[in-house]
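Asks: When we follow this note's numbering, the leftmost residue of the sequence shown carries the number 1, and every step to the right adds one.
Just so you know, these hints were derived from the structure itself, not from any lab.
Please note that the accuracy of each hint is not assured.
Straight-line C-alpha distance at most 20 Å; calculated EDC-like pairs for lysine to aspartate or glutamate [claimed, not checked]:
id, residue 1, residue 2
1, 94, 128
2, 60, 7
3, 122, 44
4, 67, 28
5, 26, 37
6, 26, 55
Computed beta-carbon distance windows for the label pairs [unchecked claim]:
id, residue 1, residue 2, range
7, 103, 40, 16 to 22 Å
8, 65, 94, 32 to 38 Å
9, 57, 26, 17 to 23 Å
10, 59, 37, 18 to 24 Å
11, 23, 124, 36 to 42 Å
12, 26, 88, 26 to 32 Å
13, 18, 124, 17 to 23 Å
14, 103, 21, 20 to 26 Å
The beta carbon of each residue, even a glycine, is placed where N, CA and C say it ideally should be.
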Amino acid sequence: MSQSTSDPVANMLTRIRNALIARHQKVDVPASLLKMEIARILKEEGYITNFKLAEEGSMKLIRIYLKYTAANQPAVSRLERVSRPGCRVYVGSKDIPRVLGGLGINILTTPRGVMTGRAARKEGLGGELLCQVW
1 MSQSTSDPVA NMLTRIRNAL IARHQKVDVP ASLLKMEIAR ILKEEGYITN
51 FKLAEEGSMK LIRIYLKYTA ANQPAVSRLE RVSRPGCRVY VGSKDIPRVL
101 GGLGINILTT PRGVMTGRAA RKEGLGGELL CQVW
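Turn these sequences into a full structure, and let the hints guide you.
Replies: In C-alpha coordinates form, the structure reads like this:
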(Lines of atoms letter the chains of each structure in order from A and count residues from 1; the text may use other names and numbers.)
(Lines give C-alpha, C1' and ligand atoms only; values in the text may rest on other atoms or scores of the structure.)
Protein backbone atom coordinates (compact mmCIF):
# COMPACT_ATOMS: atom_id res chain seq x y z
CA MET A 1 0.00 0.00 0.00
CA SER A 2 2.66 2.52 -0.94
CA GLN A 3 1.04 4.70 -3.57
CA SER A 4 1.91 8.35 -3.45
CA THR A 5 -0.97 10.77 -3.68
CA SER A 6 -0.78 14.12 -5.39
CA ASP A 7 -2.33 15.72 -2.28
CA PRO A 8 -1.18 13.98 0.91
CA VAL A 9 -2.94 16.50 3.18
CA ALA A 10 -6.32 15.91 1.49
CA ASN A 11 -5.63 12.17 1.79
CA MET A 12 -5.03 12.58 5.54
CA LEU A 13 -8.20 14.64 6.05
CA THR A 14 -10.25 12.10 4.07
CA ARG A 15 -8.89 9.20 6.14
CA ILE A 16 -9.82 11.04 9.37
CA ARG A 17 -13.27 11.91 7.97
CA ASN A 18 -13.95 8.29 6.92
CA ALA A 19 -12.70 6.89 10.25
CA LEU A 20 -15.01 9.27 12.15
CA ILE A 21 -18.01 8.21 10.06
CA ALA A 22 -17.14 4.55 10.72
CA ARG A 23 -16.69 5.39 14.46
CA HIS A 24 -13.13 4.04 14.59
CA GLN A 25 -11.00 4.75 17.66
CA LYS A 26 -7.86 5.45 15.64
CA VAL A 27 -6.65 5.94 12.09
CA ASP A 28 -3.20 5.60 10.49
CA VAL A 29 -1.89 8.06 7.90
CA PRO A 30 1.51 7.99 6.17
CA ALA A 31 3.85 10.26 8.13
CA SER A 32 5.29 13.60 7.03
CA LEU A 33 6.41 16.67 8.96
CA LEU A 34 3.48 18.73 7.65
CA LYS A 35 0.96 16.06 8.68
CA MET A 36 2.59 15.81 12.13
CA GLU A 37 2.08 19.56 12.55
CA ILE A 38 -1.57 19.33 11.43
CA ALA A 39 -2.12 16.49 13.93
CA ARG A 40 -0.46 18.59 16.67
CA ILE A 41 -2.84 21.48 16.01
CA LEU A 42 -5.88 19.17 15.93
CA LYS A 43 -4.80 17.84 19.34
CA GLU A 44 -4.10 21.30 20.82
CA GLU A 45 -7.50 22.53 19.63
CA GLY A 46 -9.25 19.47 21.11
CA TYR A 47 -10.42 17.80 17.88
CA ILE A 48 -8.49 14.55 18.48
CA THR A 49 -7.40 12.89 21.73
CA ASN A 50 -3.83 12.11 20.70
CA PHE A 51 -1.42 11.11 17.94
CA LYS A 52 1.89 9.31 17.81
CA LEU A 53 4.50 8.23 15.31
CA ALA A 54 4.29 4.50 14.57
CA GLU A 55 6.26 2.25 12.26
CA GLU A 56 4.88 -0.62 10.23
CA GLY A 57 7.78 -2.32 8.54
CA SER A 58 9.62 0.41 6.66
CA MET A 59 6.59 2.75 6.58
CA LYS A 60 6.39 5.56 9.09
CA LEU A 61 2.81 6.28 10.11
CA ILE A 62 1.03 8.82 12.25
CA ARG A 63 -1.51 7.04 14.41
CA ILE A 64 -4.30 9.49 15.20
CA TYR A 65 -6.62 8.73 18.12
CA LEU A 66 -10.05 10.13 17.34
CA LYS A 67 -12.27 11.95 19.81
CA TYR A 68 -15.99 11.53 20.39
CA THR A 69 -18.46 13.23 22.72
CA ALA A 70 -20.31 11.40 25.50
CA ALA A 71 -23.17 10.88 23.02
CA ASN A 72 -20.67 9.18 20.64
CA GLN A 73 -20.70 12.10 18.22
CA PRO A 74 -17.36 12.94 16.53
CA ALA A 75 -15.55 15.99 17.96
CA VAL A 76 -14.97 17.08 14.34
CA SER A 77 -18.11 17.88 12.36
CA ARG A 78 -16.31 19.06 9.20
CA LEU A 79 -12.77 18.83 7.81
CA GLU A 80 -12.31 20.78 4.61
CA ARG A 81 -9.26 21.17 2.39
CA VAL A 82 -8.98 24.78 1.19
CA SER A 83 -5.67 25.11 -0.70
CA ARG A 84 -5.11 22.29 -3.18
CA PRO A 85 -2.13 21.49 -5.44
CA GLY A 86 -4.15 22.67 -8.46
CA CYS A 87 -5.42 25.81 -6.74
CA ARG A 88 -3.31 27.20 -3.92
CA VAL A 89 -4.99 29.65 -1.56
CA TYR A 90 -2.79 32.25 0.13
CA VAL A 91 -4.05 34.83 2.60
CA GLY A 92 -2.54 37.87 4.28
CA SER A 93 -2.74 38.19 8.07
CA LYS A 94 -5.72 40.56 7.75
CA ASP A 95 -7.56 38.31 5.29
CA ILE A 96 -7.58 35.12 7.35
CA PRO A 97 -11.24 34.09 7.37
CA ARG A 98 -13.02 33.26 10.61
CA VAL A 99 -14.47 29.74 10.58
CA LEU A 100 -18.07 29.57 11.79
CA GLY A 101 -17.69 32.95 13.50
CA GLY A 102 -14.71 31.75 15.52
CA LEU A 103 -16.11 28.33 16.47
CA GLY A 104 -13.88 26.45 14.03
CA ILE A 105 -10.22 26.79 13.12
CA ASN A 106 -8.10 27.39 10.03
CA ILE A 107 -4.76 25.66 9.67
CA LEU A 108 -2.13 27.66 7.77
CA THR A 109 1.48 27.21 6.80
CA THR A 110 3.32 30.44 7.59
CA PRO A 111 6.99 31.45 7.44
CA ARG A 112 7.10 30.51 11.15
CA GLY A 113 5.60 27.05 10.72
CA VAL A 114 2.13 25.55 10.77
CA MET A 115 -0.37 27.34 13.00
CA THR A 116 -4.03 28.14 13.47
CA GLY A 117 -5.57 31.16 11.79
CA ARG A 118 -6.02 32.75 15.23
CA ALA A 119 -2.31 32.44 16.08
CA ALA A 120 -1.26 33.68 12.63
CA ARG A 121 -3.56 36.71 12.93
CA LYS A 122 -2.11 37.51 16.36
CA GLU A 123 1.46 37.21 15.02
CA GLY A 124 0.57 39.28 11.95
CA LEU A 125 1.47 36.44 9.58
CA GLY A 126 -0.20 35.27 6.39
CA GLY A 127 0.40 32.06 4.53
CA GLU A 128 -1.17 29.17 2.69
CA LEU A 129 -4.63 28.24 3.99
CA LEU A 130 -4.41 24.44 4.24
CA CYS A 131 -7.76 23.48 5.73
CA GLN A 132 -10.69 24.41 7.94
CA VAL A 133 -11.97 22.33 10.86
CA TRP A 134 -15.10 22.62 12.92
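Asks: If a hint holds in the structure, say so; if it does not, say that too.
Replies: Hint check results:
| no. | hint | result |
| --- | --- | --- |
| 1 | 94 x 128 | holds (13 Å) |
| 2 | 60 x 7 | holds (18 Å) |
| 3 | 122 x 44 | holds (17 Å) |
| 4 | 67 x 28 | holds (14 Å) |
| 5 | 26 x 37 | holds (18 Å) |
| 6 | 26 x 55 | holds (15 Å) |
| 7 | 103 x 40: 16 to 22 Å | holds (20 Å) |
| 8 | 65 x 94: 32 to 38 Å | holds (36 Å) |
| 9 | 57 x 26: 17 to 23 Å | holds (18 Å) |
| 10 | 59 x 37: 18 to 24 Å | holds (19 Å) |
| 11 | 23 x 124: 36 to 42 Å | holds (41 Å) |
| 12 | 26 x 88: 26 to 32 Å | holds (31 Å) |
| 13 | 18 x 124: 17 to 23 Å | violated (37 Å) |
| 14 | 103 x 21: 20 to 26 Å | holds (21 Å) |
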